[in-house]
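**Q** These are the residues of each chain, in order.
There are 2 protein chains.
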Amino acid sequence: MTKTSVTIKEIARLLDISKSTVSRALRDSSEISEETKKKVIDLAESLHYSPNPIALSLLKQRTHTIGVIVPDIANRFYSSTIGGVEDIAYSRGYHTMIYQSHELLDREMSATRHIAQRRVDGLVVAIASQSENMDHFVQLQEQGIPVVLFDRVLDGLETHKVRVDDYKGAFEATEHLISRGCRRIAHIAGPQPVSITRNRLEGYRDALQKHGMEFQEEWVLHSPITQEGGTERTYQLMALRNRPDAILGASDRITMGIHWALRQLGYKMPDDVAVIGFCDLSLASLMDPPISAITQPSFEMGQQATSLLLDLIESKNPPAHYETRVLQSNLVIQKSSLKASE
Amino acid sequence: MTKTSVTIKEIARLLDISKSTVSRALRDSSEISEETKKKVIDLAESLHYSPNPIALSLLKQRTHTIGVIVPDIANRFYSSTIGGVEDIAYSRGYHTMIYQSHELLDREMSATRHIAQRRVDGLVVAIASQSENMDHFVQLQEQGIPVVLFDRVLDGLETHKVRVDDYKGAFEATEHLISRGCRRIAHIAGPQPVSITRNRLEGYRDALQKHGMEFQEEWVLHSPITQEGGTERTYQLMALRNRPDAILGASDRITMGIHWALRQLGYKMPDDVAVIGFCDLSLASLMDPPISAITQPSFEMGQQATSLLLDLIESKNPPAHYETRVLQSNLVIQKSSLKASE
DNA sequence: CTGAAAGCGCTTACAG
DNA sequence: CTGAAAGCGCTTACAG
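Chains A and B, in that order, give the protein sequences.
Letter by letter, the first sequence follows residues 1 to 342 of UniProt numbering.
Letter by letter, the second sequence follows residues 1 to 342 of UniProt numbering.
Because the hints were derived from the structure by calculation, they are not lab data.
Check each hint, because a few of them may be wrong.
Identical chains blur together in the list; that is why a pair holds if it fits in one copy or across any two.
[Stated by the list, open to error] With a straight-line Cα cutoff of 25 Å, these simulated SDA-like cross-link-like pairs (lysine to any residue) come out: (1) 38 with 52; (2) 60 with 240; (3) 19 with 315; (4) 37 with 117; (5) 19 with 32; (6) 38 with 117; (7) 19 with 58; (8) 9 with 143; (9) 39 with 24.
Treat the numbers as computed from the prediction; the structure is a model and nothing was measured.
All chains, please: the whole structure from these sequences, using the hints.
**A** Next up, the structure:
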């Protein structure tokens, strides 16, 4: 149990020169003679010297670490997003600390507190559905720790944002259902306060309107982002006197719940009820019948959010303006929404 | 953009006392007068002082951070495991850095390098299936950074280990299939070098033997831990002249692949082929028919590994001996292995 | 080209 | 009870 990391002091002692010189030689400073440099670098290598990042952090007030907060890492969408974050972070020499909010404002705030304490250089976050309040993020910004929002974005915070064109995704999915002959299209939406919920709902609504179809209050239900939520809402929908012939699900888990409930209830997809949802493709394809999916470029989303964040961190002065990037979703039609005739 | 964290120096200046006194007052040292203490603590609170953990790390050579390496965080088993790690770590005042090896020895080594550099206090790891070599972990230990293995454990490293009773899980699952009348039971196993692969294979084999059934080489195939792997091996199995009437899958994804392939090929589960697999219950239940599953206490596994690690970190002297904890798996029978007669 | 000194934020023996 | 000093590992103006 020898915790003997080599230090600059040690190298200096061995070579009988000053710490300053060693430090400069290691950083390849032009003011050190080639000869000294070589001596120092050779010794450092043979001793496996690596600079103590903690000392550096203390000095530079920079940790080369960024934080990510997502609602839940077990969710494929977010784990893929984290992949994108790590990809960029890693390639630009940063490390990543991952936090889960579990959709709780409380946990989100404790994460931001930890981030502030740890002097993390910046944060990318998909806010918890509970969070209407952005104060904890504003505080971070005021401490000089930039924050970039992705997926779930809110107006309350002035910063870069990366999101998916939810409106268009829902619009196109709804149009697809209409084109397949569905006339009573329901939507199980996500939790109320989240912006993506609103956008998707609007896309759904506008598509109906465009095609002269009625918008029925009773066909729109809000649900937490869980399978149980989707299942329960589906029961509710199918119990209606005027039951839907298609359902649009707002998330992976909700859509799984819809699929599950319909099977339980004995409905055939797509003949009795067509199903489409915002869903990871590998999950959607696992189902029987495979579910038509609006897929999101999650990895890319993580990448873009992170590169915006690192730019913010590395630039001296705040940017002229903050940008909001809108990525496109993808419609993948599978059996669950193909009417028998086709 | 004011990066003005309050420091001890600042408090000392405002109160016109020395840094030493402030430091001691904050740590509630008995050698400081109640009066001074109160003054200091009150001011610190009103200024939202929080000690700089980086300075503390430099001083104490401790970061209060542990590392976790898993093959893939998108895998439910591991994300749940990480939940367990964070649960314990958090409650004992540690933070967690998460690394993914993507099953590559290379990535695993770069993670351990980073961990050593960052002076992380300890590491829990489920080794990559590629890793037969444990040198990078041994090195960590030699630097005084304890390592605890979970899930995938190997003999090459002397330390605490936490694993599931794979042997028994596979044994019981196989017995279950036999009791259901299956007579030609195949096994799609995981990658060769991993210990759990061997254990599960043995459990399968011994169960067959116990019931006087033949062990057929051609009914055992190794697969990477992917859905595609499971699918392809299933094609291979079902193409045999003497095809199996049951398949035991060695992991979530492999089992998904089996299910998928059987459906593609037009076999009914469980009538034509019974299926059971090591699998997360929420995934297994999503399928149609729902898959019988050997479930593992993943969250608990993360908890136990972490508490063993923290004990190691916090004890001065190395433990008298290293222990290996073996957790029990659970057999959850669902439709995929219930023969029609039942 | 090289070194002594100060300092990042903190703690803790050592004096008094 | 309180303070000055040294030190964790490093960098960098300031001298020379």
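**Q** For every hint, state whether the structure bears it out.
**A** Here is how each hint holds up against the structure:
no. : hint        : verdict
1   : 38 with 52  : within (21 Å within a copy, 37 Å between copies)
2   : 60 with 240 : neither (63 Å within a copy, 65 Å between copies)
3   : 19 with 315 : neither (31 Å within a copy, 34 Å between copies)
4   : 37 with 117 : between (37 Å within a copy, 23 Å between copies)
5   : 19 with 32  : within (13 Å within a copy, 38 Å between copies)
6   : 38 with 117 : between (39 Å within a copy, 23 Å between copies)
7   : 19 with 58  : both (18 Å within a copy, 18 Å between copies)
8   : 9 with 143  : between (34 Å within a copy, 19 Å between copies)
9   : 39 with 24  : within (12 Å within a copy, 44 Å between copies)
Hint check: violations occur at hints 2, 3; the rest are consistent with the structure.
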